[in-house]
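**Student:** Sequence:
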Amino acid sequence: MNFSVIQYILGTVLCCEGVFLLAPVAVAVFFAERAGIYYVSVAAVCFAVGLLLRLRHLKSKVFYSREGFLAVTFSWIVLSMAGAVPMHLTGEYVHYTDALFDTISGFTTTGASVLSSVEELSRATAFWRCFTHWSGGMGVLVFIMAVLPLSGSSNMHLMRAESPGPSVGKLVPKVRQTALILYKIYLVITILQVTLLMLAGLSLYEALTLSFSTVGTGGFALLNSSIATYNRAVQIIIIVFMILCALNFNTYYLLLIRRPKEALLQNSEVKWFLIIVFASAAVITVNIRDGFHSLADAFHTALFQVATLVSSTGFATADFNLWPELSKTILVLLMFMGACAGSTGGGFKVSRLMIVARAARNELLNMLHPRSVQQVHMNGRRVPDQVVKTALCYMTVYVFIVLGSVLLISIDNFDMTTNFTAVLATMNNIGPGLGEVGPSGNFGGFSVFSKIVLMADMLIGRLELFPVLALFAPGMWRLPSGRTRKEVRKMDEIN
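Each residue of the sequence shown is one higher than the last, beginning at 1 in full-length UniProt numbering.
Because the hints were derived from the structure by calculation, they are not lab data.
These numbers were taken from a predicted model, which means no experiment stands behind them.
It is possible that part of the hints are untrue.
Simulated crosslink set (DSS-like; lysine-lysine; CA at most 25 angstroms straight-line) [claimed, not checked]:
1. 271 / 261
2. 328 / 271
3. 261 / 184
Label-pair restraints from in silico Cβ distances [said to hold, decoys possible]:
4. 333 / 232: 25 to 33 angstroms
5. 389 / 236: 23 to 31 angstroms
6. 272 / 415: 47 to 55 angstroms
7. 319 / 385: 41 to 49 angstroms
Note that the Cβ used here is the ideal one computed from N, Cα and C, for glycine as well.
Given these sequences and hints, build the entire structure.
**Tutor:** Structure (structure tokens):
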């Protein structure tokens with residue numbers, strides 16, 4: 001195990017967080033808020049500790065999958081723990097656990113909160129909460145890969161551990177260039193939304209915070225009413241960008257290099273995602289029609305709630321907790337499904353569901369025709385058997401974690417709807433659920449133990465189970481019996 005490179009990566013993460021924390025400092029200076037003192041102090045400490053961790057001499061710049069899992073998991077934990085400190089020091093979060101809950105929720109782009117009134121926060125803290133969405137949306141380590149002096153194959157282990165989806169590939173031969181391309185697209189989309197929101201009448205501060213939460217598909221807002229009090233133009237802009245950021249970012253790269261057919265027409269995941277979004281909105285529109293003045297108003301409200309939950313953003317313009325059971329059931333299913341692979345959205349992912357569904361279909365065909373050879377295909381290409389196996393394993397582990405988490409938090413004696421959707425909302429990085437954690441509620445009523453369980457679910461869901469669970473595998477910390485260190489490294493390099 002190359003612990004020196006893990007320490008180096010953690011130091012780099014802390015240095016980056018020190019730079020990130022200067023953003024709320026600038027906001028505090030502009031609005032003359034005392035909270036900036038705490039943010040600049042923590043920024044200085046993060047930067048100093050990060051530099052100390054980076055001073056250790058690297059024995060080797062090369063590392064493998066085990067180090068990648070450790071580096072990514074520990075980086076997200078350290079990032080969240082340090083980011084919660086200034087929020088607690090300002091006194092706006094009385095308990096550090098609550099500050100940590102909202103910080104993990106921010107970085108994992110979940111959007112769940114323990115606060116009953118976000119309007120009482122200082123502008124610096126409100127800005128930091130939204131900025132954590134943006135910095136965590138594409139992945140902090142994906143950004144760091146562009147500057148870390150590591151080999152390309154080693155960078156790929158970081159990308160695999162942090163990026164969402166059943167399989168992770170490179171847009172271009174070099175991983176660093178892939179990371180740069182992704183972040184350039186991410187930045188352009190953010191700037192475009194900020195511009196449009198300002199044209200729709202918002203201030204720069206409002207446009208930035210809402211764009212951070214939208215593009216990062218997080219959901220933290222500046223008002224207790226979320227997006228409900230903003231005008232129709234602002235809501236439409238947010239709908240469009242929630243859907244755009246729920247699509248695979250590879251799609252935009254293919255469009256940039258003028259391959260629209262491959263990006264859209266031949267991309268079955270994108271097509272099915274859009275079909276599901278608009279079909280769900282149409283059904284819900286009919287179901288809630290009686291409560292609105294016109295069909296257009298009903299469709300607009302339905303589409304917003306569908307877009308916000310399927311993209312795992314978590315904004316709201318209506319309390320869907322009060323909607324008919326059919327509409328609520330559809331929304332819960334969308335929460336489970338989530339966005340496309342390679343997006344900033346959470347959830348099980350459309351591509352993974354397609355793989356599981358097609359694998360199940362093939363099993364049925366094999367029962368009818370035992371001698372036939374059935375293979376899973378997507379976008380005209382065969383899906384490797386290992387990817388299919390991983391998707392099926394992911395679904396099994398996912399179900400066990402959800403059921404186990406529901407059992408653990410049931411100690412607080414909330415109703416089943418609240419417990420189940422709270423776990424679903426945190427595991428899928430959604431934000432709001434139903435019952436006590438609906439759009440008009442929050443997670444503040446849970447005990448410290450339950451909050452810890454839900455925080456773990458957020459991290460597990462954001463890192464897609466295996467990087468976190470790998471920490472508890474015996475093979476992570478010791479060599480397999482009968483294997484030499486050289487043989488294990490060769491196996492890791494292949495994986």
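**Student:** State for each hint whether it applies.
**Tutor:** Hints versus structure:
At most 25 angstroms may separate the alpha-carbon atoms for a hinted pair to count; residue 271 and residue 261 meet this at roughly 12 angstroms. A C-alpha spacing of about 24 angstroms is found between residue 328 and residue 271, which places the hinted pair at or below 25 angstroms, so the restraint holds. For the suggested pair residue 261 and residue 184, the alpha carbons sit about 22 angstroms apart, so the restraint of at most 25 angstroms is met. About 27 angstroms separates the C-beta atoms of residue 333 and residue 232, a value consistent with the hinted range of 25 to 33 angstroms.
At about 42 angstroms, the CB distance of residue 389 to residue 236 disagrees with the hint of 23 to 31 angstroms. For the hinted restraint 47 to 55 angstroms between residue 272 and residue 415, the CB-CB distance of approximately 33 angstroms leaves it violated. In this structure the supplied range 41 to 49 angstroms holds for residue 319 paired with residue 385, their Cβ-Cβ distance being about 45 angstroms.
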